[in-house]
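Build the full structure now, drawing on both the sequences and the hints.
Given next are the chains, with one letter for each unit.
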Amino acid sequence: MNHADLTQYLDYLLIAMLLAVGFAIVRLRNLFAVVMLTGVYSLLCAAWFVSLDAVDVAFTEAAVGAGISTVLMLGAMLLTARESEPAGAGRHWAAFGVVAAAGAALFFAIPDMPVYGDPESPANAYVGRDYLEQVPHDISIPNVVTAVLSSYRGFDTLGEVVVVFSAALGVMLLLGFGTGARRREEGED
Amino acid sequence: MFYGISLTAILVALWLTLSGPFTLSGDYPIVMGLGVISIIVTVVLTYRMRIVDRQTVPVGPAIPLFAYWGWLGGEIVKSNLAVLRLIMKPEIEVEPRLVRVAAEQRSELGLCVFANSITLTPGTVTVDVEDDGFLVHALDNSFTDPAGFAEMGARSDTASDGKKTGDR
Amino acid sequence: MTFLTFLVAIGMAVAMAIMLARLFAGPTLYDRVLAANSFGTKTVLFLLVFSALVGRQDAIDIALLYALINFVATIAILKFFRYRSLEIALAQMSLRKALDGEYEK
Amino acid sequence: MSAAEIFQYARDAFSIGAMAVGLVFVIAGATGVMRLPDFYTRMHAAGVTDTLGAELIILGLIAQAGDWQTAAKLALVGLLLFLTSPTATHAIANAAHRAGQKPDLSHFKPKHPADAGSSEGQK
Chain A
592 MNHADLTQYL DYLLIAMLLA VGFAIVRLRN LFAVVMLTGV YSLLCAAWFV SLDAVDVAFT
652 EAAVGAGIST VLMLGAMLLT ARESEPAGAG RHWAAFGVVA AAGAALFFAI PDMPVYGDPE
712 SPANAYVGRD YLEQVPHDIS IPNVVTAVLS SYRGFDTLGE VVVVFSAALG VMLLLGFGTG
772 ARRREEGED
Chain B
404 MFYGISLTAI LVALWLTLSG PFTLSGDYPI VMGLGVISII VTVVLTYRMR IVDRQTVPVG
464 PAIPLFAYWG WLGGEIVKSN LAVLRLIMKP EIEVEPRLVR VAAEQRSELG LCVFANSITL
524 TPGTVTVDVE DDGFLVHALD NSFTDPAGFA EMGARSDTAS DGKKTGDR
Chain C
2 MTFLTFLVAI GMAVAMAIML ARLFAGPTLY DRVLAANSFG TKTVLFLLVF SALVGRQDAI
62 DIALLYALIN FVATIAILKF FRYRSLEIAL AQMSLRKALD GEYEK
Chain D
-1 MSAAEIFQYA RDAFSIGAMA VGLVFVIAGA TGVMRLPDFY TRMHAAGVTD TLGAELIILG
59 LIAQAGDWQT AAKLALVGLL LFLTSPTATH AIANAAHRAG QKPDLSHFKP KHPADAGSSE
119 GQK
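Residue numbers (my numbering), protein chains in the order written: chain A, 592 to 780; chain B, 404 to 571; chain C, 2 to 106; chain D, -1 to 121.
Be a bit skeptical, because a hint or two may be false.
Claimed, not checked - In the DSS-like style, the derived pairs of lysine-lysine whose C-alpha atoms are separated by at most 27 Å in a straight line are:
1) C:K80 / D:K100
2) B:K492 / B:K481
3) D:K100 / B:K492
No wet-lab data here; the hints were simulated from the structure.
Listed below in structure tokens is the structure:
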């Protein structure tokens, strides 16, 4: 049996677990458990990305989703309650309507998507093929994605880095990491 | 100096493990250059921080430690089978115990190796470190044999600095 | 051989699902941390087996990253619950002492 | 049959054996985490997975690995798990202990499922 046939069953298992974790995140009231479940959700997502051959996305998802955002959410939990309040009963149906409509639109769009791994799909056909052919001649970097991000779109990546850095600074100022130490020192003095 | 050289050797080995074919093939000078630069920067930084010593680059203890890991592997297999027998019974029947284990290791590394070894063998977990020993939680009565702990302590002490227990 | 690797991967996924059940059930916070940590270990193993199954090495790098992140996240969560804060108080203090000593010279 | 073929078969047999036994340990550890009655006892069951189960599976994969680089990376992952798992387990146990969660030291009788629920230690 071909391994591509086998891995799709693993995909089903991973997606089933993703669904279960998603429902648990919605249902649980203990915010701490929710933070840990979002970390687990990122781990599962990244495992699924690996099986879809999107290794670089999986790398980012594991580092950002499971690593940094878990820590940031814990920092945010310092400033808020440990338990979430149950939502009012009346609001459920409107939200469900919006979610159902968005889901139906997504399902409606599925037939227009290119087949998984299709070499003729728009993402692979035009510029993508040029990149794949040009990278070995232009830059001596083995990974095409890295070459595109850090060389062909270098300024774009620089802008992204600036945005992410200032966002991280803003979050740190908001959450106030390290203020505890300052307060303790002032108390000692 | 010895520790600096061994740190460099470890970093080179790590770089080759993680990007071996690209670096060794010679087709990608950028990758090789980045590797050389990052290794040099790391070594220079650690030198400037003055943390290159026996504790951060434990090459001296590493050799007796590997021999110790061989013995520890046998212990891990034995206690794994014991725990497996306990938890695969149709009816769970365990009698957990909290016991104090005396720890008379000479060095902090020895203490650390001993505590980690206790945790690493299933059935016993170091819960707390106190002044003169560890507080150990054991899954069942059969895991709390003092002679076993004493042997593990002596061996981890020997492994951490290469001397026999007793000649301090 | 391929099929056996596939079976091991399925087994890992089943073990992950069992850990998820413990994560949902709790009942205490430490049960959840333990389950999340163990889930991470099993995800690492799943990725390793998966990389052997499809013959791609890249998944091993992801598994390495996971093993690191899993450890750091577990320690971060526990530190948070021990000190009610994310800063590493002790390390900061000793670092500051060392720096002060350095500058006085 | 040539020597290379015999080596090939031996390698495959070792790999299959190691991975199958490792799988048994991982699944047993997971069921143990589900079945054991108290947080401190569950910790031991998780340890079964982290030590022997993980290392055996990694050993089986190393035997299957085609080149030295894959084997070295797998060995690195194994070393990392070997070094970090006891630290993480100890950190969890220590945090629970310091937070005042008492281990249930009674003899767990299978007849009383009511004993299985551990005390709420969340603060």
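Now the hints, each set against the structure:
Of the supplied pair hints, the one linking K80 of chain C and K100 of chain D holds, its CA atoms being roughly 20 Å apart against a limit of 27 Å. For the hint linking K492 of chain B to K481 of chain B, the alpha-carbon distance of about 17 Å falls within 27 Å, and the restraint holds. Between K100 of chain D and K492 of chain B, the direct Cα distance comes to roughly 25 Å. Compliance with the 27 Å bound is thereby established for this hinted pair.
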